[in-house]
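J.: The lines below spell out each chain.
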Amino acid sequence: MTDARTATIVGLGMSPQGRRLGISPRELRRQAIDAALADAGIGRELVDTCICFGVQPEDLRYAGLSPRASFALNSGGASPALSVVVAAGLIATGQADRVLSVYGEAFTGAAPRLEPNHGVAGRSDIGGYSYGYPYLYGLVGPGAVYAMAARRYMEVHGATSEDLAAVAVVERAYGSVRPGAVGYGRPITVADHQASRMIVDPLRLLDCSRPTDGGVAIVITSAERAADCAGSPVAVLGAGCGHNIANWWDGTMDERLGAAPDAARRAYAEAGVGPEDISVAQLYAPFTIATLMQLEEYGFCGEGEAPAFVRDGHTGPAGKLPTNTGGGQHSGFYATGFTPLSEGVLQVRGQAPTNQVPDAELCLVSGSGGNGGVHGSWAHVSLVLGRPR
Amino acid sequence: MNAPRPYPGDVAPDTADAEFWRACRERRFLVFRCGECGRAVWPAGGCPGHGMAPMAWEPASGLGRLRTWTVVHQRYATSFDDPPPNVALVELDEGPLVHAAVVGAGLLEVGMRVQVDFQEAAPEVVIPVFRPVRGPGDTLGA
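Chains as they are written, first to last, in our numbering: chain A, 1 to 389; chain B, 1001 to 1142.
Read the hints as simulated data drawn from the structure, not as lab findings.
Quick caveat, the model's predicted, so the values are computed rather than measured.
In this text, a Cβ means the ideal position worked out from N, Cα and C, and glycines have one as well.
Heads up, some of the hints might be wrong.
Said to hold, decoys possible - Under 10 Å between C-beta atoms, here's a sample of chain A residues computed to sit facing chain B:
(1) Tyr62
(2) Leu65
(3) Tyr135
(4) Val140
(5) Ala149
(6) Met154
(7) Pro202
(8) Leu203
(9) Leu205
(10) Cys208
Same shape as in the complex, but just chain B (with noise of 0.2 Å):
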């Protein structure tokens, strides 16, 4: 039997993390901005020209590019396994890498567009997920 699956707070305890993790709670996805350059990082982190004093969060597209994916077969963690778990490296629009799921797509493809939609992972446990966008203007799970 499967364990519970990791709730943020159990992967990394950030505070600085706080303001998004609510966010996802109204399905809002938002990424950490820079004030000086506006450059866009995620999950909460300093500027790698400005530091941390100019950054901020605030609302971004939700929209992204899939960079490159793996299935995780071996059961390395007891909360994943029927069927194996997919993890994808999307790159924002924005900018920013992020790690996370795709969900709704047969077959994963490096380079297709993908757009942010919420899961539910336990009662106002809200997880950002990523679906394959299927043409212009699709604003599937907006």
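The following block holds chain A by itself, in its conformation from the complex (with noise of 0.2 Å):
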């Protein structure tokens, strides 16, 4: 499956990732990209193409690069690894050696609040907490998506808060081991899940990730020039995009998150492997719900068997899946996608600091976010990353 076109990462670099740090975004993509041609072992002139996220402005003057090309990708939490599939297609077609992928945000400070403008020249509602006409009935942000499929889910299949406990133990118990992680120290056990309030119903605070502070930088090139590198090179084997507005177009959306049918099955036949193959998962997961659903798009389990799958322990360090093994988004940091995407190049590399994966071979890989029109419809791409074959 893999030739010399075959996209390959050779470079991570991370800022240091975390609440109120005290350091701009656009000083944190520095860092990052910094680190990720010193760990690519490439000089910055040699960086051709950039891609950045959503409003961040492109940082080329200040980070001192001068690539052919430099574009923003808007499709939130799916974009870092949208970032990996458009590479991978400049790099294929010639367009592109070298690509640098760099993410930063500080959120440091007070949540906006969000208020009405009543018809104010040139001001929306829409974006950012605001997802359109569900916000006039008080319904907004990311959670009360994620509210509305874990309701769901549990009608479905007889779930239950425990379960949705059970991830956030997992998750967080995997953090609190990783130095430098949100939740280092802190493990929680069901009962504290259940004891922490309600945010968005069935939606507990325990089930919620927060934002964090941090830039994340990857460098992405072909299996032939990776040769030249000095990182440890992850080949993407396969990749594949999926959008759940085919799920609202069916009535179906609050039972998918966007992961089936197309990106797993497209991601899963490019790299020519199938579920029980993956060694490890590193999945978008903001709330503990999208761990659950996840889990039974990519065919780690059936359907509504997810809460015995994570019961069982097979997504712990001793399961045949762990997952989310830096702690995830509630756990390790949230730097959207780039949160299961960095820690799944250092899985296959063999170098995550803790929990690290025996012969991680294969490792999965999701994003999801952005906004097709409609409170809940979001890009969802999926990775599957190894060693270069």
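From the two separate chains plus the hints, produce the assembled complex.
T.: So this is what it looks like as structure tokens:
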């Protein structure tokens, strides 16, 4: 499945990640860029394409970069994995040789409060924490989407809040031993979860991740050029895109995150593998229900079986599918889709600082985000990362 | 103190939906239907098979079923507070999914039958909500 032009991640750079770091987003991105270039062992003058995200400005001057192409992707938490897909295409067609993809945000300070503008010229309540008409009734923010999915899941499959708690407990156990993680030294119990306050029913505080400050950058090149880089190469063996606007059209959006059917199927097919071949998973899961739904959409277990899969320890360090091994977005750090992507690179390299999965040959990475025009309609991107074959 | 609640024009300043909101002021509920295949969508948008050209607003039953719901306890928006608002995803009998509050229900249950009602949020600002249908033939709020 791989050849000289197979997209290969050769550099990973990360700034500090955490709450209220007091570092500007631009500086977080610069630190990540410089770390990624150093990791790849390539000079900055060799970067020919830069990808940034959403409303982030291009930092070419500040970072001292001189690419041929520079642009932003705007699919929220799907964007980091999407940048790998885009880079793979640019590399395969010869348009790019070395692509730098960089994220960095600082959420320090109070959360923005949403107030209606009542028709003030030039202002719209769409975007940010609001998602169009549902805001008429007080429904804003991504948590509400996952809450509606969770309610539906619990109703259809007979799952309970304790089943969500099990996901939170596993993820925070991973984070509690990872130095630098926001949840370092702070494991939780099911009872802690059950005692935490309701945020968006049925999701409690300990079902939810929190934003953190931080920058992450990766360098992507071809398998052929990867041989000239210092970094330990990670091949993009498979990739797939999906969008759950399809599940809006067919009326099942509250039962799907968008991995099935398109994204997962294509990523597996490109890599020539199935769910049984995956050694470790890094899922985009800012809320606990997202882990349960993706375990099923990716075929790691059958429909309705994810709670038992988690309860039986299969997503834990000794399980058959260690999942979100750095503490994920709940307990590690929240760098949107770079949380799963960066941990996936570390696992395949064998460089995870804690809970390295022995012989982690294949890692599934997911990302989801964006807004297809209705609350909860977002893009989903799947990657199968592995050692170069 | 709560900020005033948002109006339709704040959250989606979309002239394509103007006819829908006009009809709400007359207590009529519309869906946007494709003249080619009959598929209904809400709010205004293109048919996934035939695009925007054959679409038109048409009267709908206002009947549907609760697919899922939440109660927003976290005060993300300053307009909603006491009690925390519920928001449901309703599958209309005509097909489309609609996000709206459910009023007049003690307990929200997935699968419950609901029927549209209308609330005056401000003079000339009328928004649809849903109420439980308590029995066959019940036309609450009509």
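J.: Each hint: holds or not?
T.: Hint by hint, here is what the structure shows:
1. Restraint check, Tyr62 of chain A versus chain B: the minimum CB separation of about 33 Å is more than 10 Å; hint violated.
2. Hint status for Leu65 of chain A relative to chain B: violated, with the closest Cβ pair at about 37 Å, above 10 Å.
3. Taking 10 Å as the C-beta contact cut-off toward chain B, the hint placing Tyr135 of chain A at the interface holds, the least distance being around 5 Å.
4. Taken as an interface hint, Val140 of chain A checks out: its beta carbon lies about 5 Å from the nearest beta carbon of chain B, inside 10 Å.
5. The interface hint given for Ala149 of chain A holds, since its Cβ lies 7 Å from the closest Cβ of chain B, which is under the 10 Å cut-off.
6. Nearest Cβ of chain B to the Cβ of Met154 of chain A: about 9 Å, under the 10 Å cut. The hint holds.
7. At a threshold of 10 Å, the smallest CB-CB gap from Pro202 of chain A to chain B is about 8 Å, leaving the interface hint in force.
8. Given the 10 Å rule on beta carbons, the hint for Leu203 of chain A holds: about 8 Å separates it from the nearest Cβ of chain B.
9. At about 9 Å, the closest approach between the beta carbon of Leu205 of chain A and any beta carbon in chain B falls short of 10 Å, and the interface hint on this residue holds.
10. Checking Cys208 of chain A against chain B: minimum C-beta separation of about 9 Å stays under 10 Å; hint holds.
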